[in-house]
Amino acid sequence: MADREKRRSTGSGTSPAAIVAEPGPSSKSSGTGSDREFLAQAGVGELLRGALLKMVEARPDDPVGFLADHFSSLAAAVMENSGQDSKDLRVSDAPSGEEGGGSARNQQRLNRALWHLRLAHHSQSSAFCNNVRVAYDLLSLAAPIGHTDDGDPLRVAGGGVSGGLYTQTLRCLCDEGGVPASTSAPLLCRLHCHDHEAVPYGVFHHGVLTCAVFSDYIRQAQRLYAQVCQPDEGLALRGPCLAVLSALREALEMSHDADPPNVKALRRLEASAKMSPHQLAHAMTEAQARGPAGHMDAKEFENAAAELFISRVKVVS
Amino acid sequence: MFRLCLMLQWQAITYFFFFGNICFTMLHGNFESKTSWRDETTQTSQEKLHKLINCCRFLDLIARATGAASAIPTASGWSVVVEHAQDGGDAKMSASDVTRGVACALKPPVFLHFGGSEMQASCSGVCVIDASLPPGKTVNIETITFKNFYTALVSVRLRRRSPGREGGGGEWCTALRDRPLMTNPHAESGAQDYCSIDRKQMRVEPDDVSSVRLVLKQPSCAWLTFGVEDVLLFPRAQPEPVGELSDWLSALNLVEQRLPTQGSLDAASVSCRLQPMWALSEVTTRSSRSHTAPVGRFDVDGSYDINLLSLT
Numbered sequence: 027m028a029d030r031e032k033r034r035s036t037g038s039g040t041s042p043a044a045i046v047a048e049p050g051p052s053s054k055s056s057g058t059g060s061d062r063e064f065l066a067q068a069g070v071g072e073l074l075r076g077a078l079l080k081m082v083e084a085r086p087d088d089p090v091g092f093l094a095d096h097f098s099s100l101a102a103a104v105m106e107n108s109g110q111d112s113k114d115l116r117v118s119d120a121p122s123g124e125e126g127g128g129s130a131r132n133q134q135r136l137n138r139a140l141w142h143l144r145l146a147h148h149s150q151s152s153a154f155c156n157n158v159r160v161a162y163d164l165l166s167l168a169a170p171i172g173h174t175d176d177g178d179p180l181r182v183a184g185g186g187v188s189g190g191l192y193t194q195t196l197r198c199l200c201d202e203g204g205v206p207a208s209t210s211a212p213l214l215c216r217l218h219c220h221d222h223e224a225v226p227y228g229v230f231h232h233g234v235l236t237c238a239v240f241s242d243y244i245r246q247a248q249r250l251y252a253q254v255c256q257p258d259e260g261l262a263l264r265g266p267c268l269a270v271l272s273a274l275r276e277a278l279e280m281s282h283d284a285d286p287p288n289v290k291a292l293r294r295l296e297a298s299a300k301m302s303p304h305q306l307a308h309a310m311t312e313a314q315a316r317g318p319a320g321h322m323d324a325k326e327f328e329n330a331a332a333e334l335f336i337s338r339v340k341v342v343s
Numbered sequence: 014m015f016r017l018c019l020m021l022q023w024q025a026i027t028y029f030f031f032f033g034n035i036c037f038t039m040l041h042g043n044f045e046s047k048t049s050w051r052d053e054t055t056q057t058s059q060e061k062l063h064k065l066i067n068c069c070r071f072l073d074l075i076a077r078a079t080g081a082a083s084a085i086p087t088a089s090g091w092s093v094v095v096e097h098a099q100d101g102g103d104a105k106m107s108a109s110d111v112t113r114g115v116a117c118a119l120k121p122p123v124f125l126h127f128g129g130s131e132m133q134a135s136c137s138g139v140c141v142i143d144a145s146l147p148p149g150k151t152v153n154i155e156t157i158t159f160k161n162f163y164t165a166l167v168s169v170r171l172r173r174r175s176p177g178r179e180g181g182g183g184e185w186c187t188a189l190r191d192r193p194l195m196t197n198p199h200a201e202s203g204a205q206d207y208c209s210i211d212r213k214q215m216r217v218e219p220d221d222v223s224s225v226r227l228v229l230k231q232p233s234c235a236w237l238t239f240g241v242e243d244v245l246l247f248p249r250a251q252p253e254p255v256g257e258l259s260d261w262l263s264a265l266n267l268v269e270q271r272l273p274t275q276g277s278l279d280a281a282s283v284s285c286r287l288q289p290m291w292a293l294s295e296v297t298t299r300s301s302r303s304h305t306a307p308v309g310r311f312d313v314d315g316s317y318d319i320n321l322l323s324l325t
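If you read the protein sequences in the order shown, they are chains V and P.
Straight run, no breaks: the first sequence in the working numbering ends on number 343.
Straight run, no breaks: the second sequence in the working numbering ends on number 325.
It is possible that some hints are incorrect.
[As the list claims (entries may be wrong)] One side of the interface only, derived from the structure: several residues of chain V facing chain P at Cβ under 10 Å: (1) M105; (2) P266; (3) L306; (4) L334.
Hints listed in this document are in silico derivations from the structure and should not be mistaken for laboratory results.
Since we're looking at a predicted model, the values are computed, not measured.
A virtual CB, placed ideally from N, CA and C, is assigned to each residue, including glycine.
Using the sequences and the hints given, assemble the complete structure.
Pasting the structure below:
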């Protein structure tokens, strides 16, 4: 009876012991002792503790929805593991059926990984790192083409997320961040990995962080454009826009990797001085007076800002 | 002479009564043997030694009182060897020199003793400490600081390179003569103070100094061991060249002026929006530096054609 009630996951470390609780016919006796025993046997304490810890880390705006998502993802993990166990016992004969099931499973894993990645903002570095680790472990168990005969859960030998899944993750992150596909396409060109490649953790982390930061960056650029544009026309003058972008470009070009720390600090101060209100006002008035005429629309501004960002992203190699 | 010594000892007894049995028994021993002053065979070597100490100190006291030249014989017993310490830094003065003192080689203190015979270390109450700079390096001294340890008077002599000739050591001159560090050499006051000698207190300008000699005197027989610790020479701080900082720093000084208004554009808010974008970019570059594990691509221009692969 205990075997039927408890199914333990053997693969992922994230899902705790999932319980299919069935109240026994004789365990409804009165008394707090038996209640406590029942809770201990069911492992509810661990479950709730995990949920509360995750909640504290993520601090969502909608706690109930967060808890619902958390438990549903746990349940999905349990069902998947149980489904996987049962599948291992079968002999495979229909590869297409398996692949179809495999892609659906991949999609499920992807959704869960994305849910984990959405929990913490990239500025909360330790929480974000934990979530990236969890997502990486989830995606590492992605179903490969075949399966082994010994009944173990199928795993990519040597670890690593498959390149296709990784690229898909990045694309979804950018879409959720509000970045239009055309803007994020050059970034994905630099970060993507082929399907046949196994992505190590460092590259995964870097890619995910870059996409999160990029979505923030594009949001900031959109707000900046709103600041710069004329309120009545809805479009911004070309001169000030170019002045602002050139200030940003100069500030970005200031820092080099090979500098010693004191020189680096100096350069940072100099770069921030370039973006001080006084300098910017000066540059913008000058550009307005002498710069190119015409307007710049939001899309062009966004693309130009994105290009500044993307040019500093290292290509994955 | 004998009576003077007796007076000295009486004075010592009254002042040092509470400074322990050792002092008292020493002096008591001397006092007891006054009847056999001339009978040297009955005296122990220790008694002879202490008599000698008292004589020397008395002599020095007299010399000090009369203001005569310091009774330091320049003869035997002194070995003034100028060692040249290794200095790995460049000849220019660095910022660490200004805060922590110039790197100089401090020789162990040399105590004066009469007659050239090797006796107990604290014989005469006069001690010399040399601080020399690495060869070729000179310093314009701003301050000399040290911690006193029961030294009553200190004199400072400087070896300055004469402006005419480059070779040779230079000449010695006295910068400070017998500056009192303890108000009463027999008492405690000022015995363990931190002292500093400024260039304004020196008789000569301490510029282009290659060696410093501190002459310590302690005439009281209460303090047989004395010295100074942690001698530091601080050079004159030169104004640092401002250089490339000045242009944008001076531009920052204009912030107090009213920002030029230009229609509806608000430079302050634009700047507020721009700076996070810069910071986000920096985050990416920093992360790319830390996570540098390669995926492992070995293709040449996107193809793994075997003809393109090379052995190197």
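- Item | Contradicted hints - numbers only | 1
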